Every structure is written in C-alpha cells, then in structure tokens.
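Positions in the sequence shown are counted from 1; adding 1 to them yields our numbering.
Treat the hints loosely; a few may be bogus.
Distance windows between CB atoms, simulated [said to hold, decoys possible]:
#1 Asp31 / Gly96: 24 to 30 Å
#2 Arg179 / Asp65: 22 to 28 Å
#3 Leu55 / Arg179: 22 to 28 Å
#4 Pro105 / Arg77: 25 to 31 Å
Simulated from the structure, these hints should not be mistaken for lab results.
Just so you know, these numbers come straight off a predicted model, no measurement behind them.
Cβ atoms here follow ideal geometry from the backbone N, Cα and C, with glycine treated the same way.
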Amino acid sequence: MSQSSRAEVTRGVEQRLETTLHAYPGLRLDPVPAALLTSPPPATRVVRGGRLPLLGDETPEVYDVTRDLWQQSGCRVVDSGPGDGRRLVIEDPAGYVITLVQHPGDDPVLTVASPPLPARLIDPPLLAGLLSGLALGCIGPCAAVGPMTLFPSMAGLAAPFWAWVPLYLLIGVGSVWRPETRRFGIGLLATGALVGVAVAWVFS
Numbered sequence: 002m003s004q005s006s007r008a009e010v011t012r013g014v015e016q017r018l019e020t021t022l023h024a025y026p027g028l029r030l031d032p033v034p035a036a037l038l039t040s041p042p043p044a045t046r047v048v049r050g051g052r053l054p055l056l057g058d059e060t061p062e063v064y065d066v067t068r069d070l071w072q073q074s075g076c077r078v079v080d081s082g083p084g085d086g087r088r089l090v091i092e093d094p095a096g097y098v099i100t101l102v103q104h105p106g107d108d109p110v111l112t113v114a115s116p117p118l119p120a121r122l123i124d125p126p127l128l129a130g131l132l133s134g135l136a137l138g139c140i141g142p143c144a145a146v147g148p149m150t151l152f153p154s155m156a157g158l159a160a161p162f163w164a165w166v167p168l169y170l171l172i173g174v175g176s177v178w179r180p181e182t183r184r185f186g187i188g189l190l191a192t193g194a195l196v197g198v199a200v201a202w203v204f205s
C-alpha cells in the first residue's frame, strides 16, 4: 500500500475516534501511546486511542451511546460483559475496528485500529533513522578534530571524541519515546552506536 494510502487510513482512524468522542457530550480522552494499546492482529494496523477518565456512573451510558452510534451506521457490534469487565467491539464495513474495554477498577479504554496494511519492504522512518545514525556516527567523533587543532593542549585526549554521545542519546531516546518517531529512533540508535563507537575508538 502506498504512503498516501497509509496517510488516508490514519485520517480514517482519527475521524472515527473523534466521532466516537463527540457522540457523548463532555467525553475526554487521555491519549495512550499506540505501542501500549491492544489492537486486533496483524500488527501492521494504525492504532490510536486512550483512556476515558472520570466517567463513574456514566460509564454504562457511554457504552450504550457508542454501541447505538455505530450500529446505526451499519457496523457489526459485539457487546460482552460484565464478567472480567465490559468489552464493546465494533467492526466497520471499511475494515476499521473500534473497541471500548473496561476492566474492573480501571478507566474504559477507547481504541480505533485501521484496516490491515501490507508490510513494507522498506520502512521510510526506519531507513531515515539508519541513515541519520550513520551520518551522526561519522560526523560526531570527527567534529572533535577541529577543536583539537585549535587547542593543542587537547591533543592526545580521548574525551573530545565522545562528546557527541549525549546529543546522540538525547535525539535517539527522545525519538524512541514518541510512538510516531519510534522507528526513526531505533534506526538512529542502531547505526549511530555501531558507526560512532567504531570511529571514536579509531581516533582515540
């Protein structure tokens, strides 16, 4: 599937999430990273969602409104519970899956998953991260050569060749922390570590 098609299903996920939230006045979403959300297989789906806090006694009504909204839109709805909590699963004719799940003592969690996307042979964010890590791993240690030529007293010191590491970790770990940039961060950390450590070791 093309990149534009991926963007299209992402908009579809966000639209269905907003539609569900607007169906019940005052409903608020506390976003949860996609990696922490449970979605139907396969793992190639685009997923968005979060917790619905402070519903209290309004929880059953939120379930009923959500079920009626999508049932009237022609979706297949499976409503199960109470048991270990209540679980509402809505299957959109277009392939989207909307779930509203609450376990005892927890806030309900609303999740929208896109139709399955075919796995891509080349993942653009991961590739960008790999190339950025390669560049940073080469440039970071080499950049220390300039100051050492200006300040001869620094000659022979190994520390300047490792001065790039905090910036590398800041960018890499920060990227991995955010779901939307996670694949880029993984690529950056992987090649940056391999190339940067090798180059810094040779120079130092």
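Range agreement (Cβ of Arg77 with Cβ of Pro105, hint 25 to 31 Å): Given about 26 Å between the Cβ atoms, the range holds.
Range agreement (Cβ of Arg179 with Cβ of Leu55, hint 22 to 28 Å): holds (26 Å)
Satisfaction of the hinted span 24 to 30 Å by the C-beta atoms belonging to Asp31 and Gly96: The hint (24 to 30 Å, Cβ to Cβ) holds, given that Asp31 and Gly96 are roughly 26 Å apart.
Beta-carbon spacing of Arg179 to Asp65 - inside the hinted bounds 22 to 28 Å or not: violated (35 Å)
In this structure, only the earlier hint numbered 2 is contradicted, and the remaining ones agree with it.
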